[in-house]
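Full structure from sequences and hints, please.
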Amino acid sequence: MRLTTTALLFLACFIGVAHADEVQVAVAANFTAPAKLIAAGFEQETGHKAQLAFGATGKFYAQIRNGAPFEVLLAADEETPARLEQEGAAVAGSRFTYATGRLVLWSAKSRYVDDKGEVLTKDGFKHLSIANPKLAPYGAAALEVLTALKLLDKVRPRFVTAENIAQAYQFVASGNAELGFVALSQVLKNGKPGAGSAWIVPANLHQPIKQDAVILDKGRGKPAAVAWLKYLKGDKAKAVIRSFGYEV
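Each residue of the sequence shown is one higher than the last, beginning at 1 in our numbering.
Each hint should be verified, as a subset may be incorrect.
[Said to hold, decoys possible] Simulated pairs of lysine-lysine, BS3-like, Cα-Cα distance not exceeding 27 Å: (1) 109 / 230; (2) 150 / 36; (3) 109 / 150; (4) 218 / 116; (5) 59 / 192; (6) 210 / 222; (7) 210 / 49; (8) 222 / 189; (9) 238 / 36; (10) 109 / 218; (11) 109 / 122; (12) 134 / 192; (13) 126 / 150; (14) 134 / 36; (15) 192 / 218.
The hints are simulated quantities; they were obtained by calculation from the structure and are not laboratory data.
Here it is in structure tokens:
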């Protein structure tokens with residue numbers, strides 16, 4: 001039996017849909033915006049769909065160890081994926097650094113934060129937003145910065161501690177804190193500085209914020225999980241990542 005061109009096209013489309021799958025991805029809160037853009041491109045190019053959940057890396061670790069259905073982790077650090085790999089909860093050899101983040105001191109008010117961060121030495125603010133350093137690597141980096149500047153003891157009483165970096169940003173955006181340490185990716189709009197004022201923290205004031213991805217045990221052997229990491233390593237995803245201020 002000979003198939004018409006229309007029938008062949010329909011069959012090809014059917015086969016493509018049949019092989020399409022979903023991958024459950026736990027994503028560090030700082031990577032929310034780029035992850036959404038990457039997921040859209042991933043679905044368009046591969047037919048697979050990435051279901052994204054956003055939160056603190058430390059909290060994801062606890063959820064994964066307690067049986068959460070995540071198949072891939074995009075962490076805000078390199079230690080958590082390595083730990084999961086060592087504990088047998090992630091696929092050995094799948095881990096890689098997908099981005100290196102930058103920390104900024106940000107205020108929703110224009111001209112509030114100077115380009116050297118000297119606002120931290122003054123008494124003009126009551127609240128400083130910071131992500132929980134026990135759960136969020138960006139919060140831990142903020143503590144390193146304040147320690148290096150010998151300001152930790154002075155400003156600690158003004159901390160407004162957030163569960164993750166997304167909440168730390170919201171505390172500042174809503175005016176509940178005059179300024180806060182957030183991810184550069186959160187204050188960039190279309191690759192350019194958005195509203196407010198910010199000091200991009202010099203990288204030598206804290207350990208590099210290397211963000212690693214890894215396939216988790218529940219994603220072992222799953223084509224969509226493998227395809228997601230492959231796409232994340234590609235030029236299209238890298239272009240998105242760079243546009244949000246990350247290094248790749």
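Hint check results:
Between the alpha carbons of residue 109 and residue 230 the distance comes to roughly 40 Å, so the proposed pair goes past 27 Å and is violated. Restraint check for residue 150 and residue 36: not satisfied, since their Cα atoms lie roughly 38 Å apart, outside the 27 Å limit. Of the supplied pair hints, the one linking residue 109 and residue 150 holds, its CA atoms being roughly 25 Å apart against a limit of 27 Å. Distance restraint check for residue 218 and residue 116: the Cα-Cα separation of roughly 45 Å exceeds the 27 Å cut-off, and the hinted pair is therefore not satisfied.
Pair hint residue 59 plus residue 192 does not hold up; C-alpha atoms about 31 Å apart against a cutoff of 27 Å. For the given pair, residue 210 sits about 26 Å from residue 222 by alpha-carbon distance, which is consistent with the 27 Å threshold. Restraint check for residue 210 and residue 49: satisfied, since their Cα atoms lie roughly 26 Å apart, inside the 27 Å limit. Between residue 222 and residue 189 the CA atoms are separated by roughly 34 Å; this puts the pair beyond 27 Å, and the hint is violated.
With a CA separation close to 14 Å, the supplied pair residue 238 and residue 36 stays within the 27 Å bound. A hinted pair counts as satisfied when its Cα atoms are at most 27 Å apart, and residue 109 with residue 218 does not qualify at roughly 44 Å. As the CA atoms of residue 109 and residue 122 are separated by approximately 16 Å, the hinted pair is consistent with the 27 Å bound. Distance check on the hinted pair: residue 134 and residue 192 sit about 30 Å apart at the alpha-carbon level, beyond 27 Å; violated.
Between residue 126 and residue 150, the direct Cα distance comes to roughly 18 Å. Compliance with the 27 Å bound is thereby established for this hinted pair. With a C-alpha separation of about 26 Å, the suggested pairing of residue 134 with residue 36 holds against the 27 Å cut-off. A distance of roughly 38 Å separates the Cα atoms of residue 192 and residue 218; the hinted pair therefore is violated under the 27 Å criterion.
The structure does not agree with the numbered hints 1, 2, 4, 5, 8, 10, 12 and 15 stated previously, though it agrees with the rest.
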